[in-house]
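Visitor: Residues per chain, in single letters:
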Amino acid sequence: MPTIETETKYGESRQVGDLEITPVTRVLKIHKPGYHAGLIWNRPKAVIVKTSDGKERTLPVTDVTRLIIWGMLAGGILGAIMIRLIYRHR
Amino acid sequence: MTDEMNTTPTGEAGLELFQNTMEEFLAAADVRVVYGEPIQHEDTLIIPTAEVLCGMGFGVGSGSGTSAEQNPEKPSQGSGIGGGGGGRVLSRPVAVVVASPEGVRVEPVVDITKIALAGLTALGFMVGMMFRMSSGRRALPEIEE
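Chains as they are written, first to last, in my numbering: chain A, 1100 to 1189; chain B, 2 to 146.
So here's chain B without its partners, still in its complex pose (with noise of 0.2 Å):
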């Protein structure tokens, strides 16, 4: 068995997936994933904006050697390649940029499902903080002289 890891054709092609995997990975920190695709009405232009969230990561292995134990006269090669990654992309409407020959504005998108859960969230946490707050006062031991 030898320590040399090479890289067979198999694993090269391999790499270049992952390379462009990549590569694909690093066009999301382009201008135009943020800036959607105009929508023109009339004289009016529309342009949608979104935040977008980018996280991957991957490995790749290959390997090759040969083994006498079976048959030292005629020793057996083998090789291998193996692979694995994973990575998600979150993307979230911000804004829409309205553009008129009259004038440029910026109108906001308000996601109210997530505001609303965020509410619920922190209006959960508060009741909690008073629930354990008032009933870890009832618990305490009264200290008699």
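Extracted from the complex, chain A is given alone in its bound form (with noise of 0.2 Å):
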């Protein structure tokens, strides 16, 4: 059985102005143990921002192009199944 391990990591915190900026992503590996063989998904998670007062806030980052590539496939199999049911009742 392959391991699945997903882990979230973060990087150096760097400093523009009176703000401290850290990024955060998140980590899918798929290994096979035994086999030299694995996958690797590393994709940006958030950014976390702290300002000099110590307030913190999290900066999601949203991959808007793979939400709109499911949608239009979740789209195209909801119109697939409408057409179907359409063309049924006719």
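Hints were generated in silico from the structure; no laboratory data involved. Hints may contain errors.
[Unchecked claim] Derived DSSO-like pairs (lysine-lysine); straight-line CA-CA distance at most 27 Å:
1) A/K1149 to A/K1108
2) A/K1144 to B/K115
3) A/K1144 to A/K1154
4) A/K1131 to A/K1108
5) A/K1154 to A/K1128
6) A/K1128 to B/K115
Please assemble the complex out of the two chains, which come individually in their own frames, going by the hints.
Guide: Here it is, written out as structure tokens:
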């Protein structure tokens, strides 16, 4: 059985003016024990912004392209089901 | 011929090469791969972000043996090593982090080409489905009583 592992990683913080920015990523690792093979999917998750007064804010990094593509896929499947239902009832 | 497998110096070099490749592959899980080198423009800092998908696999083997078939008095020795592998790294921009003293914002990167291709595929699927349904109805034989 391949091992599937997810991990949240925090990068080095950077100072911009009074703000401290920390990048966060989400890593998915798939590896089959005993085999020299694997897959790594690393994607940005969020940016943590810390102000000088100690307030912390998390800005999510949204993959708009993926959202639209998945939306289109869902729309296509729904459309196909609707077409099938319409033709069946005629 | 012996079944014993051992690692020759060439084999060790090969294994080291594969080990290094594996280490480079594992480096794809690092935060620095996703968040690119920041670009400073006056007070503003721009950090490009991308998603990285990396897949790879390899195998290596070595062996040696002796053969006394041709000359039983002086058996010949031989060894060999073989290996192979493959992999692919895909990277796609996701967003840009714009940080200035006024604040931080995340600007998404929209891949119009990819969206258009997905849209055309979905549309083609739906049109194909419609065509199939309508032609299927026409092809049905009529039942006469």
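Visitor: What hints, given by number in increasing order, does this structure fail?
Guide: 5
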